[in-house]
Structures are given as C-alpha cells and as structure tokens.
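Q: Model the full structure from these sequences, guided by the hints.
Sequence positions in the sequence shown follow this note's numbering and run 1 to 365.
Treat the hints as calculated values from the structure; they're not laboratory data. Even glycine gets a Cβ: it sits at the ideal position worked out from N, Cα and C. Incorrect hints may appear among the rest.
Label-pair distances were calculated between CB atoms; the ranges are [stated by the list, open to error]:
{"id": "1", "residue 1": "Gln99", "residue 2": "Phe360", "range": "44 to 50 Å"}
{"id": "2", "residue 1": "Arg171", "residue 2": "Leu142", "range": "39 to 45 Å"}
{"id": "3", "residue 1": "Glu58", "residue 2": "Ser332", "range": "32 to 38 Å"}
{"id": "4", "residue 1": "Ser244", "residue 2": "Lys270", "range": "35 to 41 Å"}
{"id": "5", "residue 1": "Phe360", "residue 2": "Lys181", "range": "37 to 43 Å"}
{"id": "6", "residue 1": "Glu343", "residue 2": "Glu279", "range": "28 to 34 Å"}
Listed below are the simulated DSBU-like cross-link pairs for lysine-lysine, each with C-alpha atoms no more than 30 Å apart in a straight line [said to hold, decoys possible]:
{"id": "7", "residue 1": "Lys261", "residue 2": "Lys44"}
{"id": "8", "residue 1": "Lys301", "residue 2": "Lys319"}
{"id": "9", "residue 1": "Lys40", "residue 2": "Lys264"}
{"id": "10", "residue 1": "Lys184", "residue 2": "Lys319"}
{"id": "11", "residue 1": "Lys301", "residue 2": "Lys172"}
{"id": "12", "residue 1": "Lys184", "residue 2": "Lys172"}
{"id": "13", "residue 1": "Lys270", "residue 2": "Lys40"}
{"id": "14", "residue 1": "Lys113", "residue 2": "Lys44"}
{"id": "15", "residue 1": "Lys44", "residue 2": "Lys264"}
{"id": "16", "residue 1": "Lys264", "residue 2": "Lys113"}
{"id": "17", "residue 1": "Lys78", "residue 2": "Lys270"}
{"id": "18", "residue 1": "Lys240", "residue 2": "Lys184"}
{"id": "19", "residue 1": "Lys240", "residue 2": "Lys197"}
{"id": "20", "residue 1": "Lys319", "residue 2": "Lys197"}
{"id": "21", "residue 1": "Lys267", "residue 2": "Lys40"}
{"id": "22", "residue 1": "Lys305", "residue 2": "Lys181"}
{"id": "23", "residue 1": "Lys65", "residue 2": "Lys78"}
{"id": "24", "residue 1": "Lys294", "residue 2": "Lys172"}
{"id": "25", "residue 1": "Lys264", "residue 2": "Lys65"}
{"id": "26", "residue 1": "Lys261", "residue 2": "Lys333"}
{"id": "27", "residue 1": "Lys240", "residue 2": "Lys362"}
{"id": "28", "residue 1": "Lys319", "residue 2": "Lys240"}
{"id": "29", "residue 1": "Lys294", "residue 2": "Lys65"}
{"id": "30", "residue 1": "Lys197", "residue 2": "Lys318"}
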Amino acid sequence: MKRRVFLTGSAILAASAITGCGTGKEGEEKKRFNINRNRKVKIKLATSWPANFPIMGEGVERFAKRVKEASGGSIKIKVYPKNVLVPALAVFDATSSGQIDAFHSGPYYWKGKNAAFSLFGGFPFGFTSNEMGAWMNYGGGLDIWRELYARYNLYPLLGGNTDTQMGGWFRKPIESLSDLKGLKMRIPGLGGEVMAKLGVNPILLPAGEIFTSLERGTIDATEWVGPALDIKMGFYKVAKYYYSGFHEPGSVLELTFNRHKWEKLSKEHKAIIEMASNELNSQMVYDFQTQNAKALKTIEKYGVKLMNFPDEIVEAAKKALFEVIEEQSDKSKDFRAVWEKIEPFWKDNREWTKLGMGNFLKMRG
Numbered sequence: 001m002k003r004r005v006f007l008t009g010s011a012i013l014a015a016s017a018i019t020g021c022g023t024g025k026e027g028e029e030k031k032r033f034n035i036n037r038n039r040k041v042k043i044k045l046a047t048s049w050p051a052n053f054p055i056m057g058e059g060v061e062r063f064a065k066r067v068k069e070a071s072g073g074s075i076k077i078k079v080y081p082k083n084v085l086v087p088a089l090a091v092f093d094a095t096s097s098g099q100i101d102a103f104h105s106g107p108y109y110w111k112g113k114n115a116a117f118s119l120f121g122g123f124p125f126g127f128t129s130n131e132m133g134a135w136m137n138y139g140g141g142l143d144i145w146r147e148l149y150a151r152y153n154l155y156p157l158l159g160g161n162t163d164t165q166m167g168g169w170f171r172k173p174i175e176s177l178s179d180l181k182g183l184k185m186r187i188p189g190l191g192g193e194v195m196a197k198l199g200v201n202p203i204l205l206p207a208g209e210i211f212t213s214l215e216r217g218t219i220d221a222t223e224w225v226g227p228a229l230d231i232k233m234g235f236y237k238v239a240k241y242y243y244s245g246f247h248e249p250g251s252v253l254e255l256t257f258n259r260h261k262w263e264k265l266s267k268e269h270k271a272i273i274e275m276a277s278n279e280l281n282s283q284m285v286y287d288f289q290t291q292n293a294k295a296l297k298t299i300e301k302y303g304v305k306l307m308n309f310p311d312e313i314v315e316a317a318k319k320a321l322f323e324v325i326e327e328q329s330d331k332s333k334d335f336r337a338v339w340e341k342i343e344p345f346w347k348d349n350r351e352w353t354k355l356g357m358g359n360f361l362k363m364r365g
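A: See the structure below:
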C-alpha cells in the first residue's frame, strides 16, 4: 500500500510539472508563459491611408491578423484608416501624446519636427529596399532612429518598403530643366527639397487629396508610388506622361508605437509584434514587385507614355542632393549625425550593388 501511494503521488507531481502547475523550474517557466499569453492587450493603430487601401493598408490589416494569431488572441490590434480617429498626417502627434497606441505611415512626413526624420524614409539616389534593410538592421539605422523618436515618446519598427518608386505624372512632357520651373508638384521629403532646387514648387498632400488637386489644376504634377497604386488612384485620367524616378528608390514605411505602451508589453508580446512587423516589411516589397509588374502590362491601354527624365535633369538633381544634405547638416545636428552614419554605408553598398546587381541587370537586358 505504501508503494502504491508513493507511485500515485509521483505521477501527480510529474503531471503537475508538465502542465505548469508544479513548483519546479519547468513549471515556473510554463506559468510565466501562460501569464503572458493570458494577458489581454488591445492596441489602437491609425494609418495615413484610406480604408481598404491596396498593398499598404492591406499589409497593415494582415499584420494585425498575424499578431492576433501568433499571440493566441492575447493581442488584438484594431486598425483605423485615416480620418476615423485622427487625420492622415496627425498620427505622429496622436501616438506621441497617447491618444492612440500606434500608427502606420512614412517617416519623411515628419521632417518638420526633425529634419533627420526624412533620412529614415529614404533619399534621392539613395538606398534600394535591400540596402535600406541592411542599413537599418546591420548599419545602426534602427538604433539611431529609435533614439531620436524616443524624444517624442515613440518607438518605431520597420513597417514595409515601397521598393523603387516612379518619378511622377506630368501633364506635359519634361524635356529640359526649364520645363520644371514653377511647376507645382506633390512630392514629400528630401525628394521635394531636391526638386525645389530645380525650380519645382513641392507640395505635401495626403493620398486622398492628390487626384482632386491634380484634376482641378491645384498641382501640375504628382509622384505617388508605382504603377499598381498609381493606376488605382486614376492619375492617368488627367496626366499622361509617366516618368521613371530617382527620388525614392527604397522608401521605408513605419509601424510606430507610443513608447510607454510599448514598454508595458511583455517580452513575449514584443517579440511577436517585432516578428510580424519584419514579415510585413519583407512581404510588402514582394507585393509591390508583383502588383507593379502586373499593372505595367496594362498601363499603355490608358494612353500613358512611359518616360525618362533627360540627363540634364538627372545630373542637376544629383548636384542638388548634396546641396540639400549640406544645408540640412548645417541647420540640424541630428541630420548631420544621421547622415554621417548613412554616407559610408551608402558608399560601400552602392559599389557592391553596382558590381553585382547592376551588371547582372545589364546582362539580363
């Protein structure tokens, strides 16, 4: 009888350890795991995009779904399109103040708060999407970005990349520098500042206002992203000249959290969100590649003329870029500090990209 009691007790203890009810180390680990899984977290995330917006908006919805699945339902992210909780370009301030928990947008929209922020979104003739990911993850980009955003009570994660963007839609062909003089163009970030050096009047507009402004003549030209999204925006209806671009070769989108909200999350929940954001970041590049290729096959039926900027404009833009970099570095210590980290990484990587991918593309034709 004693032996039977002993064996029964041993079995109960073993079962307790396996289910996490025991008092051993393994049981304690299981308890901590269950505490994190059972801790319900709700996150309000606002975007700068309209409801059901292709690729970018859809990507954020997919991100929220993946987080819920990976967390066993313990993290629920509610995604709000622009103007539902806050206006498209008010998401930074709303998250900073704690009005909402997180946002999805682009860093270059906030250059008015700190000139250095525009560099995290990308810059003319700058990083490709692959190079940008390398700099962010292995060149110190994420660390300095988070350091600067912490001043605003924010914590950024990579939230996608548009890959190579087109140069924009124009009502008239651009055949020389003189054709750019006085042109009103929707173009944000450092790309806008470079174009300003060439005589363009850059204007910042959120997605929902661009087509109407172009149609009414409030602006003469606009860049947006690439064929897939641009066709859906309907720009071809009012502007027939579509140019290849140099202003945004690999633009970053951000998933940025209120810092206090982020710090309250468990380590497990943080890891789940970070993994889902990395998945979103890579999948968005693949999605843009796929959809742009499909859209390009249909674009000519709209009477669109695919164009390249004249060499005169490209060379003038390269010169203008370094003028902008110098001016911004003189005005902002933060801008200078970020650029000093970017420049050597950019030089090293563009040499490899030119030798590897560049020569391959020439051979592929």
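Q: Against this structure, judge whether each hint is valid.
A: Status of each hint after checking the structure:
Between Gln99 and Phe360 the beta carbons are some 48 Å apart, a value that agrees with the proposed interval 44 to 50 Å. Between Arg171 and Leu142 the beta carbons are some 40 Å apart, a value that agrees with the proposed interval 39 to 45 Å. Between Glu58 and Ser332 the beta carbon distance is about 35 Å. The supplied range of 32 to 38 Å therefore holds. As the Cβ distance of Ser244 to Lys270 is approximately 40 Å, the hint placing it in 35 to 41 Å holds.
The supplied range of 37 to 43 Å is met by Phe360 and Lys181, whose beta-carbon atoms lie about 38 Å from each other. For the pair Glu343 and Glu279, the supplied restraint of 28 to 34 Å holds, since their beta-carbon distance comes to about 30 Å. Simply put, Lys261 and Lys44 have alpha-carbon atoms about 11 Å apart, close enough for the 30 Å limit, and the pair holds. Our distance criterion of 30 Å between C-alpha atoms is broken by Lys301 and Lys319, whose separation comes to about 36 Å.
With a CA separation close to 12 Å, the supplied pair Lys40 and Lys264 stays within the 30 Å bound. A threshold of 30 Å between alpha carbons decides the hint, and for Lys184 with Lys319 the separation of about 21 Å falls inside it, so the pair holds. Between the alpha carbons of Lys301 and Lys172 the distance comes to roughly 19 Å, so the proposed pair stays at or under 30 Å and holds. About 13 Å separates the Cα atoms of Lys184 and Lys172, which keeps this hinted pair within 30 Å; it holds.
Annotation: proposed proximity of Lys270 to Lys40 holds, straight-line Cα distance about 13 Å (limit 30 Å). At most 30 Å may separate the alpha-carbon atoms for a hinted pair to count; Lys113 and Lys44 meet this at roughly 23 Å. Proximity of Lys44 to Lys264 is assessed by CA-CA distance (about 15 Å); at most 30 Å being required, the pair is judged to hold. A threshold of 30 Å between alpha carbons decides the hint, and for Lys264 with Lys113 the separation of about 26 Å falls inside it, so the pair holds.
Of the supplied pair hints, the one linking Lys78 and Lys270 holds, its CA atoms being roughly 17 Å apart against a limit of 30 Å. As the CA atoms of Lys240 and Lys184 are separated by approximately 16 Å, the hinted pair is consistent with the 30 Å bound. At most 30 Å may separate the alpha-carbon atoms for a hinted pair to count; Lys240 and Lys197 meet this at roughly 25 Å. A distance of roughly 9 Å separates the Cα atoms of Lys319 and Lys197; the hinted pair therefore holds under the 30 Å criterion.
This hinted pair checks out: Lys267 and Lys40 have alpha carbons roughly 14 Å apart, not beyond 30 Å. A hinted pair counts as satisfied when its Cα atoms are at most 30 Å apart, and Lys305 with Lys181 qualifies at roughly 22 Å. Distance hint between Lys65 and Lys78 is fulfilled; the C-alpha atoms sit about 10 Å from each other, no more than 30 Å. Distance check on the hinted pair: Lys294 and Lys172 sit about 26 Å apart at the alpha-carbon level, within 30 Å; holds.
A threshold of 30 Å between alpha carbons decides the hint, and for Lys264 with Lys65 the separation of about 21 Å falls inside it, so the pair holds. For the suggested pair Lys261 and Lys333, the alpha carbons sit about 29 Å apart, so the restraint of at most 30 Å is met. Between Lys240 and Lys362, the direct Cα distance comes to roughly 28 Å. Compliance with the 30 Å bound is thereby established for this hinted pair. The hinted pair formed by Lys319 and Lys240 meets the criterion: a straight-line CA distance of about 28 Å does not exceed 30 Å.
A hinted pair counts as satisfied when its Cα atoms are at most 30 Å apart, and Lys294 with Lys65 qualifies at roughly 26 Å. Proximity of Lys197 to Lys318 is assessed by CA-CA distance (about 11 Å); at most 30 Å being required, the pair is judged to hold.
When the structure is compared with the earlier hints, a violation turns up for hint 8 alone.
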